[in-house]
Structures are given as structure tokens and as C-alpha cells.
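Colleague: Keeping the supplied structure of chain A fixed, place chain B upon it in accordance with the hints.
Going line by line, the protein sequences match chains A and B. Position one of the first sequence corresponds to residue 87 (the numbering used here), numbered consecutively onward. Position one of the second sequence corresponds to residue 87 (the numbering used here), numbered consecutively onward.
Rather than coming from a laboratory, the hints here were simulated on the basis of the structure. Model, not experiment: these values are computed from the prediction. C-beta: ideal position from N, C-alpha, C; glycine also. Hints may be right or wrong, so weigh each one.
[As the list claims (entries may be wrong)] Here are the simulated distance ranges between beta carbons: (1) B:172 x A:170: 45 to 53 Å; (2) A:169 x B:175: 47 to 55 Å; (3) B:351 x A:170: 37 to 45 Å; (4) A:409 x B:226: 34 to 42 Å; (5) A:141 x B:204: 56 to 64 Å; (6) B:104 x A:144: 25 to 33 Å; (7) B:245 x A:333: 45 to 53 Å.
[What the hints assert, rightly or not] Result set (DSS-like, lysine-lysine): computed pairs, CA atoms no more than 25 Å apart in a straight line: (8) B:263 x A:263; (9) B:263 x B:373; (10) A:263 x A:179; (11) B:179 x A:286.
Here are the chains, one letter per residue:
2 protein chains.
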Amino acid sequence: MSELRFNFVTGDWVIIAPERAKRPEDFVTAGKKDDLPAYVPSCPLCAGNEGQTPPETFHIDRDNRWTVRVVPNKFAAVQYETSITRQSSGAKKSMTGAGLHEVIIDTPLHNASLAILPRDRVEDMLSAYRQRFLDFYKTKFIEHVIIFKNHGQRAGTSLQHPHSQIVGTPVIPGRLKGRIEGALRYYDDFGECLCCLIMKEELNDGVRIISQNDSFVAFIPYSALSPFHIWIFPKRHSACFGSITESELHDLAGILKETLQRLDKGLGNPDFNYVIHSLSPQECAVKYFHWYVSIVTRVTRTAGFEIGTGMYINPSVPDNNARFLRDIKL
Amino acid sequence: MSELRFNFVTGDWVIIAPERAKRPEDFVTAGKKDDLPAYVPSCPLCAGNEGQTPPETFHIDRDNRWTVRVVPNKFAAVQYETSITRQSSGAKKSMTGAGLHEVIIDTPLHNASLAILPRDRVEDMLSAYRQRFLDFYKTKFIEHVIIFKNHGQRAGTSLQHPHSQIVGTPVIPGRLKGRIEGALRYYDDFGECLCCLIMKEELNDGVRIISQNDSFVAFIPYSALSPFHIWIFPKRHSACFGSITESELHDLAGILKETLQRLDKGLGNPDFNYVIHSLSPQECAVKYFHWYVSIVTRVTRTAGFEIGTGMYINPSVPDNNARFLRDIKL
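Pulled out of the complex, with its shape left as it was, chain A reads as follows:
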């Protein structure tokens, strides 16, 4: 018998479908990825090939070599503009595609995914995230900034070299407006941040926790949209990723690396996306919104049902998947 579970964060029901249920082992990637070399001459993101990218906007040096490097995206979805125009006529409304779009090169090494990279280097990458996140918001016209990673072909990337992306848009995405509204309504009804409550309940239940440290907890939510859909919540309430402290950055590097290592080892280097959901630095103190990291493991495909309804069918049991990841020996 299936069960519908309401996801208060996304504002929609999820169908947990045990008739279709698969064991965690069923999601192991069939074909293990090829072993990659540490350097590829034609890769624009490899150390030594810096001339193949546009001039960098940020980098971190350790022992006179960069560990993380940020460059404009050559195929930017939005571009820096000095002025914006808006047009509207009937059902046609448009505006200049102004914004910023950069690539964060996670590591100089072609074959060092976050699961393999030392924790200090993951911390450098997150430090670059924070820096560019704050910088983007200082830019005229930028209303929203999203940081994300696409790992593997099914997750939408064609570049093998480990990298992340940051995009600043001149509009606030409709989905975010909906989530803000939902979170605000919840706060107004119950006098508590929804994510703080979810975290308290998940820590209390324990069964869906993957791991935790002083500042963060990684878990598969009760109403996970898909198999191995993972949330990493900061324990300290804040609406904005930009407010992350040095020690939190250190802890996030640890839990992010560990979570991806568990996915890598448990499922055989699966394709995944992760995104950082956050409000702007101006909204850090907002009581009803809680920033977090969401990892979407691409082991299933969205089909007509999801496209048509926006609801998800999860053919697995969140508790079982969490236990599977928790039990992996690292």
C-alpha cells in the first residue's frame, strides 16, 4: 500500500510507492565510471591550462598553487549589463537577460571529485562559494543567487573536471517566492521555523540521519522526493548561506565530503546535483527561512507524472536508504 507524505518545504505531496519499491542496492550504478587522469591537455579547467578560460575573478593559493579558481562561464546563461529594459504587451513580458554566471573550479586535478578531495580543499571550495555569493549580491540588478553542482551526464554536465556553478539572476524565481510564502505561513501559524522543527524531529527519530557534526546534520527527509534525496541543514538558524562562519565552513566541508563519499562508495559514483537554497545577505536575520543544501541523486528519471503534476513518486523507503548510507564503512 502506498503512502502520501506531505513535504512542507516544497509544499507538495510525495507518493512513497512500496509496490514499486526498490532496495537501496538496486540503485547502484551499473557501469562504474572510467578511471580519469589527473591532467587532460584539452581540459580548460585543469591546472596548467589557465589560458583556456576567461580571466579569473577569484582564487585561493596554497604553497603558490591555486586550490580553487573562479572564472566567468564561457557559455553564460545571463550576462553582465549596465542597463535593463523591461517590455510588456498582452501575454508577452520580457526583460534583458542580465546577471552573472561563473564556474567554480573545485580543484586543479581533473580526477579529484569531492568524495576524494581532502577536507581542507573542499573547505577552500566552499570558501570560494561564500566569497562569490557575497560579491554577486553586491552587483547591481542581482536579485537572487544560486550555487549548484552538476556531477555526471544524467545530472546535466558535459565537463568531467570537477566544477560548480554560481548564477545571479535579475529576478526572484517563482518557486522561491512560493517557498517563502509557505515558510512564512508556517511560521505565522506555529511561531517556529519549519526547518528548525523538521531538524528537531529528524534528530529525535534518528532513523533517517546519515551523519552529523557540531554545525550540520545530513539526512534523508521523511518526505524525500526521490531515492537518496538528501538534505544538509545547518544547526544554527540563519536564512542566508553568506552568514556561514569559519568553523561552520569547516564542518560543512566535512559533512558534504563524507555524504558524497558514502554515495560514491555505496552506489558506485552516481550522478547527482546539489544546490544551496538561500535568501540574500540582506535577509540573513529572517526568522522563517532556513538555508540548506539539497542533494538530488539522479538514480531515477522524472517522467510525465512529475511533469504534469509537480508531485514526485519515490519508489523507495527513506529510512532504508538512510540506514544503507549510514552503515557504509569509510
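Modeller: Relative to the frame of chain A, chain B by itself:
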């Protein structure tokens, strides 16, 4: 320079990104699909193998053979139940996964996709859609019914035999609630159905029209979410697919088959989903909502940006893609 276009139906901005722009030809499927046989002994959906499915709920006979057949889904996401329970505690809210989930076998032939099937047979299939759509809504607990098709692996199907699906859920999807709200707000502001206006404008512009007949128009919307994202709108305003007349059913069969034929010929049998967006039969007369068919061609992949923002980046120009499809000689 990119352009942001607002999609009034989805309620979000779309980034039309010419920096990443591809020509229509760039989306041609690299590997042409294998030629399939008309009959496969192990296929539960093939004529002759009726014993391999649960007992049928509907079929249409022509010359003593079925042309379309509807059966319960063996791996149903939701199941028929006689009672529903709801539970709620803190941030955990759940209910019985009650509902109906059936497979519509489009044709007895394993290799007859809608692009190939004669128009009369497509009409039979649509007739089965309408029948089960109306039947589903007569079932206790069913609050929303969605009809969709997954064609090809990237569209989320593993079964080759041409088939569609119909799912009745005990809840109204959050996305639909949002769209109803948006459509109602538009109607209240402008005194006109948003989709009626969009259709009038598209017919007036002409450049994004793929084809039309007495009852329907197929076009690539001004704010298409992705390359070859196609809408088929009924010219007569109605909020509900269930209100479709015999002659409209005939016209829908014609335009649906023709559109899929153009995609098939133009892009080399690409993977796609289509869904029918509709309110319930009780809401047929609602003035602000317009039912329609949406075809999503799976030639690109959604990645972190789409997951994080809900906004889409369309790396192509709607006008060019529409002309490409319109110009194909059938």
C-alpha cells in the same frame, strides 16, 4: 545577449540563452532507434499476450480485434482503497496512498508509435483517454486525474510498446493549485482567459505556429521552457478535457499525430513526454482555466539550476524551432 521571458501559465521566468543557442538541427537524436518487430512474445502489452496483464477495464473493438486496451498498472503508484486515513504530527503529515493507476495500451502493435499509427487509431486511443478520465472522476476519493505518455528511455519509460498512463490522486497537486491561483488572478485583472489570449496572440504572430485545424492549434510558446516544448490548445474554451466532443476528438487525433510525426521525422524519433493539463468535469465551465496538451521533448537535461530555482534555461530560439517543424515535408 540573453532574454528573460515570463511564462504566464507556469508563473515563472524562462531564460532564452542565445549564447548557448543551438540550431534546431543540433537536437537531432544521434542514435536512430532500432527497428522493432510488430510482435514480441514476452511483451505483456502486445496483442496475443492479454493473459500477461491484469483484467482490462476498457477496450475498443474494430473488426473483432481490440485497437486500444486499458489495464490496471501492475506497479501502481497508488491503489484503490475503500477508506482513507490521514495522520498529522508536527512536520509529518501523511495519508493513505489511495487512487487509481492504469496503463492505456495505445495499439496492439509493438512498433506502431503515434507518429506511425493511422489517425483513426489515434482517435480510438484519445477516446479511451476520455472514457477513463470521466470514469476516474466518478471514483470516490479521486480529486485529480492526469493523463500522460512517456516515450523513450530519457522520458522515463522502460517499456517499448506504445502506451500511455492515467493516474487519479486523492489530492490536488500543489503545482495545479498554484496555476489555478495564477490563472484566476489573471482573469480577475484582465477579464479574459489567459490561454485564450495567448492563443489569439500566437495565431496573430504566426511565427511560432506549427499547425492548426478547426479545433486545435499546435505551437511552440513564446516562453517555451525547453527546445521543442510544444503546446496544443483547444480553440473552444473549456476547463476540462472531459468535455471534448467527437469532432474535436477527431481533430485532436489529427494534430497530435501530425505534431509527433514532425518531431519524429525532424529530430529522429526523440524521447518525449506529453501530459494533458485539465480541471475536473465538475469544473468544465470555469472561465479562467483552459485545458491543453503539453509536449516536452527530452533533448536537454534539467540540471542544478532548474532544480534549485524552478526556472528553465532554453538554449534555443522558439521561432526557429517552430519554423523547422513547420517546414518538414510529411
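Colleague: Hint by hint, note whether the structure agrees.
Modeller: Verification of the supplied hints:
no., hint, result
1, B:172 x A:170: 45 to 53 Å, "holds, 47 Å"
2, A:169 x B:175: 47 to 55 Å, "holds, 53 Å"
3, B:351 x A:170: 37 to 45 Å, "holds, 41 Å"
4, A:409 x B:226: 34 to 42 Å, "holds, 37 Å"
5, A:141 x B:204: 56 to 64 Å, "holds, 60 Å"
6, B:104 x A:144: 25 to 33 Å, "holds, 27 Å"
7, B:245 x A:333: 45 to 53 Å, "holds, 52 Å"
8, B:263 x A:263, "holds, 15 Å"
9, B:263 x B:373, "holds, 16 Å"
10, A:263 x A:179, "holds, 19 Å"
11, B:179 x A:286, "holds, 16 Å"
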